[in-house]
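**Q** Kindly generate the complete structure, drawing on both the sequences and the hints.
Listed below, chain by chain, are the residues.
Protein chains: 2
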Amino acid sequence: MATKRILLNAFVMNCPGNQSPGLWTHPNDRSDHYKNIDHWIELAKTLEAARFDGVFFADVLGPYDVYQNSRDAGLRQAVQSPINDPLLIIPAMAAVTKQLGFGVTASVTHEHPYIFARRMSTLDHLTQGRIGWNIVTSYLKSASKNIGAQQLAHDERYDVAAEFLNVCYKLWEGSWEDDAVVKDRKNKVFVDPAKVHDIKHEGTYFNVPGAHLSEPSPQRTPVIYQAGLSPKGIQFSAQNAEGIYISAPTISIAKKYVERIRSKSQNFGRKRDEIKIFSLFTPIVGQTDAEAQAKYNAYKEHLSYEGALSLFSGWTGIDLSIYDLDDHLDYIQNDAMRSRLEIFTTVDPNKKWTIKEIAEFVGIGGIGPVVAGTPEKIADQMETWINEAGVDGFNIAYVVMPETFTDFATYVVPVLQERGLVRKDVKQQTHRHNLFGTDHLPVHHPGKQYDQKNQSVK
Amino acid sequence: MATKRILLNAFVMNCPGNQSPGLWTHPNDRSDHYKNIDHWIELAKTLEAARFDGVFFADVLGPYDVYQNSRDAGLRQAVQSPINDPLLIIPAMAAVTKQLGFGVTASVTHEHPYIFARRMSTLDHLTQGRIGWNIVTSYLKSASKNIGAQQLAHDERYDVAAEFLNVCYKLWEGSWEDDAVVKDRKNKVFVDPAKVHDIKHEGTYFNVPGAHLSEPSPQRTPVIYQAGLSPKGIQFSAQNAEGIYISAPTISIAKKYVERIRSKSQNFGRKRDEIKIFSLFTPIVGQTDAEAQAKYNAYKEHLSYEGALSLFSGWTGIDLSIYDLDDHLDYIQNDAMRSRLEIFTTVDPNKKWTIKEIAEFVGIGGIGPVVAGTPEKIADQMETWINEAGVDGFNIAYVVMPETFTDFATYVVPVLQERGLVRKDVKQQTHRHNLFGTDHLPVHHPGKQYDQKNQSVK
Chain S
1 MATKRILLNA FVMNCPGNQS PGLWTHPNDR SDHYKNIDHW IELAKTLEAA
51 RFDGVFFADV LGPYDVYQNS RDAGLRQAVQ SPINDPLLII PAMAAVTKQL
101 GFGVTASVTH EHPYIFARRM STLDHLTQGR IGWNIVTSYL KSASKNIGAQ
151 QLAHDERYDV AAEFLNVCYK LWEGSWEDDA VVKDRKNKVF VDPAKVHDIK
201 HEGTYFNVPG AHLSEPSPQR TPVIYQAGLS PKGIQFSAQN AEGIYISAPT
251 ISIAKKYVER IRSKSQNFGR KRDEIKIFSL FTPIVGQTDA EAQAKYNAYK
301 EHLSYEGALS LFSGWTGIDL SIYDLDDHLD YIQNDAMRSR LEIFTTVDPN
351 KKWTIKEIAE FVGIGGIGPV VAGTPEKIAD QMETWINEAG VDGFNIAYVV
401 MPETFTDFAT YVVPVLQERG LVRKDVKQQT HRHNLFGTDH LPVHHPGKQY
451 DQKNQSVK
Chain E
1 MATKRILLNA FVMNCPGNQS PGLWTHPNDR SDHYKNIDHW IELAKTLEAA
51 RFDGVFFADV LGPYDVYQNS RDAGLRQAVQ SPINDPLLII PAMAAVTKQL
101 GFGVTASVTH EHPYIFARRM STLDHLTQGR IGWNIVTSYL KSASKNIGAQ
151 QLAHDERYDV AAEFLNVCYK LWEGSWEDDA VVKDRKNKVF VDPAKVHDIK
201 HEGTYFNVPG AHLSEPSPQR TPVIYQAGLS PKGIQFSAQN AEGIYISAPT
251 ISIAKKYVER IRSKSQNFGR KRDEIKIFSL FTPIVGQTDA EAQAKYNAYK
301 EHLSYEGALS LFSGWTGIDL SIYDLDDHLD YIQNDAMRSR LEIFTTVDPN
351 KKWTIKEIAE FVGIGGIGPV VAGTPEKIAD QMETWINEAG VDGFNIAYVV
401 MPETFTDFAT YVVPVLQERG LVRKDVKQQT HRHNLFGTDH LPVHHPGKQY
451 DQKNQSVK
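Sequence order for the protein chains is S and E. Residue 201 in our numbering sits at position 201 of the first sequence; the count goes up by one each step and never skips. Residue 309 in our numbering sits at position 309 of the second sequence; the count goes up by one each step and never skips.
Hints listed in this document are in silico derivations from the structure and should not be mistaken for laboratory results. If you're wondering where the values come from, they're calculated on a predicted model, not measured in any experiment. Incorrect hints may have been included.
Heads up, the list lumps identical chains together, so a pair's fine if it works in one copy or across two of them.
[Said to hold, decoys possible] Quick list of in silico lysine-lysine cross-link-like pairs, DSBU-like style, CA-CA up to 35 Å: (1) 4 <-> 141; (2) 195 <-> 271; (3) 183 <-> 295; (4) 145 <-> 232.
**A** In C-alpha cells:
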C-alpha cells in the first residue's frame with residue numbers, strides 16, 4: 001500500500017482537562033476522575049482494544065499565571081490544574097495491557113539522575129519494556145521558583161540536560177552486563193559482581209561514581225521522546241530522540257517541522273526516517289459530517305475563553321488579557337508575541353484573526369487540526385497528513401474524556417484497520433520493538449557509546 | 001477481651017529477598033519476581049484477604065559494601081539488591097484492594113519537597129487515602145556519594161528533615177481549603193481561587209512561595225511512619241510519627257523501646273498510646289511444632305552467611321569479615337561495634353555468641369523474633385508480645401516469598417480472628433481511619449498548625 005502504517009498515540013495529563021479548557025463542564029466529560037485509578041485502567045483497556053501504540057502523559061509543575069498576571073483564571077477553569085504526578089498511573093495501566101506504550105514527561109532539573117534512572121528502570125521492568133521518556137528541560141517560571149532553582153539560561157538548560165542524559169545512559173547501558181544476573185541457585189550466585197560496573201561519572205553538574213541500582217530492564221534505555229523545536233531543542237532531539245511530538249495546525253507547517261527534524265537527524269549520522277514523528281490531532285466523529293459539525297459546535301459551547309487564553313498566555317509567556325476578545329492580531333505591537341502568533345497567519349493568510357478566534361482555535365485540542373466529520377473523512381484526513389506532511393502517526397488530543405477516545409476507537413479505528421493502516425493484533429512486546437522492531441537502542445545512538453560490550457572499565 | 005486488636009503489617013522491599021539473605025535459593029521462593037507487577041497484585045490480594053492492615057516497603061539507595069569493603073558479597077547474595085523504586089508498585093496494588101494501607105519509605109534528602117509533596121498526594125488520591133510515609137533521613141554512605149550529597153552530620157540531617165516535613169505539611173494541610181474544589185459546571189468554576197493559598201515558605205534549606213499542585217487528597221498528610229530510635233530520631237518520631245516500626249529480638253527489649261517512645265511522645269502533648277508500634281516478627285508455621293521446626297531448619301539450609309554478614313555489616317557500619325565464623329563476640333575489641341552487638345547479649349546473657357550464630361540470627365527475618373510452631377503457638381506468642389511488650393501490632397517479615405505470608409494467612413490469621421484479635425471485615429476506608437478512626441491528622445499534631453482553617457494568609 002502507498003500509505004505506511006499509522007502510529008496512534010493518546011495525549012493525556014493527570015489532571016482535569018488537558019488541551020480543551022472549559023470542556024470539563026460538558027455533561028459527558030469524566031476528566032475530573034483523574035484521581036481514580038480505575039479511570040486510567042479503563043482508558044488503558046479502551047486504547048489497547050483500539051490498537052493504540054502508546055499513551056503520552058504531558059506534565060507541568062506550576063500553575064498558569066501569565067494571563068492577568070495571576071493563577072486565578074487557570075484555577076477557575078482547571079487549566080492543567082490541579083495536577084498530579086503522571087508516573088504513578090502507569091503500572092496499573094500496564095497490568096491490563098500487553099502492547100500499549102507509555103510516554104511520560106519528566107524534567108531533568110528537579111531530581112538527581114542516579115535516583116531518576118532507577119525510577120525509569122523500575123517502570124520499564126513493571127511495564128515489561130513499554131516505557132518512553134519525554135525529556136523536558138524547562139519549566140513554567142511558576143514552577144522553577146517553587147523548586148528554588150533559578151531559571152537557567154535556555155542554552156545552559158540543554159547542557160544540564162545533556163549531562164543528565166549521559167549519566168542515565170551510563171547507568172542504563174553501561175553498568176550491568178546482559179548476563180550479570182545469573183540466578184544460579186545451586187552455586188548461590190544471584191549476580192556475578194564482575195559483570196556490574198561502576199560508571200565513574202565526573203561531570204560539571206553531577207558526580208556518580210557507582211553502579212546502577214536496578215538490573216537491566218527489557219529496553220534498558222526507555223524510548224526517548226522530545227517535544228522541543230527551539231534551535232538547541234531540535235539539536236538535542238535530532239541526536240537523541242526516537243519519537244517527537246509536534247503541534248502543527250496545518251499540513252504545510254507540519255511538513256516544515258518534519259523536514260527540519262529529519263535533515264537535522266541525518267547530520268548526526270542517523271537514518272532519515274529514524275525518528276517517529278507524532279502530530280497533534282483532534283477527531284470529532286459523527287455518522288454524517290453535519291452530525292459531527294453539530295457535535296463540534298456543542299463542544300464549543302463549553303469552551304472557556306479565559307481558560308484558553310490562560311493556557312495560551314502560559315505557553316507564549318505573553319499576557320493576552322490586555323487585549324479585548326474582538327481585537328485583531330494586527331493590533332499587537334509586541335514583536336516576540338507577533339512572531340509566536342505568526343502560526344495563525346500561516347494557517348490562513350487571508351484571515352484577520354481576533355483574540356476570540358485564537359481562543360477558539362487553541363481551546364479545542366490545542367495547536368493542532370480539529371477534524372469533525374464521518375469516520376471515513378477523518379481517516380482520509382489522517383492518510384493525507386501521513387502522505388503529505390510525512391509524519392508517522394498522531395498524538396490524539398481529547399475534547400471530552402473519554403468520549404473522544406471511545407468515539408475514535410469505535411468508529412474510526414475500524415476504518416483505518418480496513419484500509420490496512422492500523423494493526424489488528426496485540427502482541428506482548430516492548431515499546432521500542434513495536435516502533436522499531438528491536439528492544440534496544442541502535443548501535444549508532446549516543447546512548448550506545450556506553451554499552452558495556454564496548455567497554456573495559458570496572 | 002483482655003488483648004487489644006492486633007495490627008498486621010507485611011514487610012517487603014522491591015527487590016529479591018529482604019531480611020533473609022540467601023533464601024532466594026529456596027525452591028519455593030518467588031521474591032525474584034519483584035519486577036513483575038502481577039507478583040505484587042497477587043500479594044495485595046493475599047494480604048487483604050488475610051485482613052492485613054498494611055504493607056510496608058523498605059528501601060535503600062545504595063549497595064551493601066561495608067563487608068569486605070566491597071559490594072560483591074551483597075551482589076552475589078542479592079542483599080537488598082538489585083533494588084527498584086517501591087512507589088510505583090502501590091497504585092496497582094491499591095486497584096485490587098479497599099482497606100490495605102501502604103507505608104512507603106522515602107528519604108527527605110534527594111528530592112525537593114514541592115515535587116515530593118505532589119508525589120505523595122497523587123498516591124493518596126490513587127489509593128483513596130491509604131498511603132503512609134516512612135520518613136528516612138539518612139542513607140547508606142554508598143548512596144549519598146552517588147547523589148553527590150555530602151553525608152550531613154546526623155543532627156543536621158534531622159534539621160533538614162524537619163524543614164522538609166514542614167514544607168510538606170504546609171502544602172498538604174495549609175494550601176487548599178476543604179471546599180476549594182467547587183466543580184460548579186453551571187457557573188464554570190472548577191476551583192475557587194480565593195480558597196487556594198500560597199504557603200510562602202522561606203527557610204534555611206528551602207524556599208517555596210507558591211501553592212500545592214494537587215487538590216486535597218483523602219488524608220491530606222499521609223500517615224507518618226518512622227523507624228529511627230537514635231536520640232534525635234526518637235525526638236522526631238515522638239513528635240511526628242503516627243506509626244513506628246521497631247526491630248526487637250525479645251519482648252523485654254521491645255518493651256524498653258515502647259516505653260521510650262510512649263513517654264517521649266507524651267512530652268509533646270500527645271496521648272500515651274497515640275503512636276501505633278509495629279514489632280518485627282517472623283512466623284514459620286507447621287501443623288505441629290516439630291513440622292514447623294523442620295521447616296525452619298530447611299530454610300536455614302538456604303541461608304547465606306556472607307549475605308547475612310554483608311547485611312549486618314551494612315547496618316552497623318562495621319566490617320564483620322575480619323572475624324572467623326567461629327569467633328566469639330568477646331574477641332571483638334571495637335567499642336562501637338560491641339555496643340551495637342550488645343543486643344545479642346541481652347537476648348541471652350548466658351550465651352557466648354559466635355559470628356556464625358549472629359549471621360544465623362540476623363539472616364532469618366532480621367533482628368526480630370522467629371517463631372516456628374503451630375498456628376496456635378504463633379498466635380499465643382503474638383498475644384504475649386501485645387500484652388507484655390505493649391506493641392500494637394507486627395511488621396511481618398518473610399523468609400520465603402510469598403510462602404511466609406500465605407502460610408500465615410491460611411493458618412494463623414483464622415486463629416487470631418477466632419480469638420477476636422484480627423478483624424474479619426473489609427471496609428473501603430483511609431489508612432488513618434483504619435488505624436485511628438479519623439481521616440485527618442489530630443488537631444494537636446505538628447502538621448495541623450498549618451491547617452488553613454487556623455490561618456488568614458493568602
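**Q** State for each hint whether it applies.
**A** Now for the hints, and whether the structure bears them out:
1. Within a single copy, residue 4 and residue 141 get their C-alpha atoms no closer than 41 Å, and across copies no closer than 53 Å, so neither meets the 35 Å cut-off.
2. In this homomeric assembly, residue 195 and residue 271 come within 35 Å of each other (Cα to Cα) only inside a single copy, at 32 Å, whereas the closest approach across copies is 53 Å.
3. For the homomeric pair residue 183 and residue 295, the shortest alpha-carbon distance between copies (23 Å) is at most 35 Å, but the shortest distance inside one copy (58 Å) is not.
4. Taking identical chains as interchangeable, the C-alpha atoms of residue 145 and residue 232 lie at most 35 Å apart whether they share a chain (23 Å) or sit on different chains (32 Å).
In summary, the structure is inconsistent with hint 1 from the numbered list given earlier, while agreeing with all the others.
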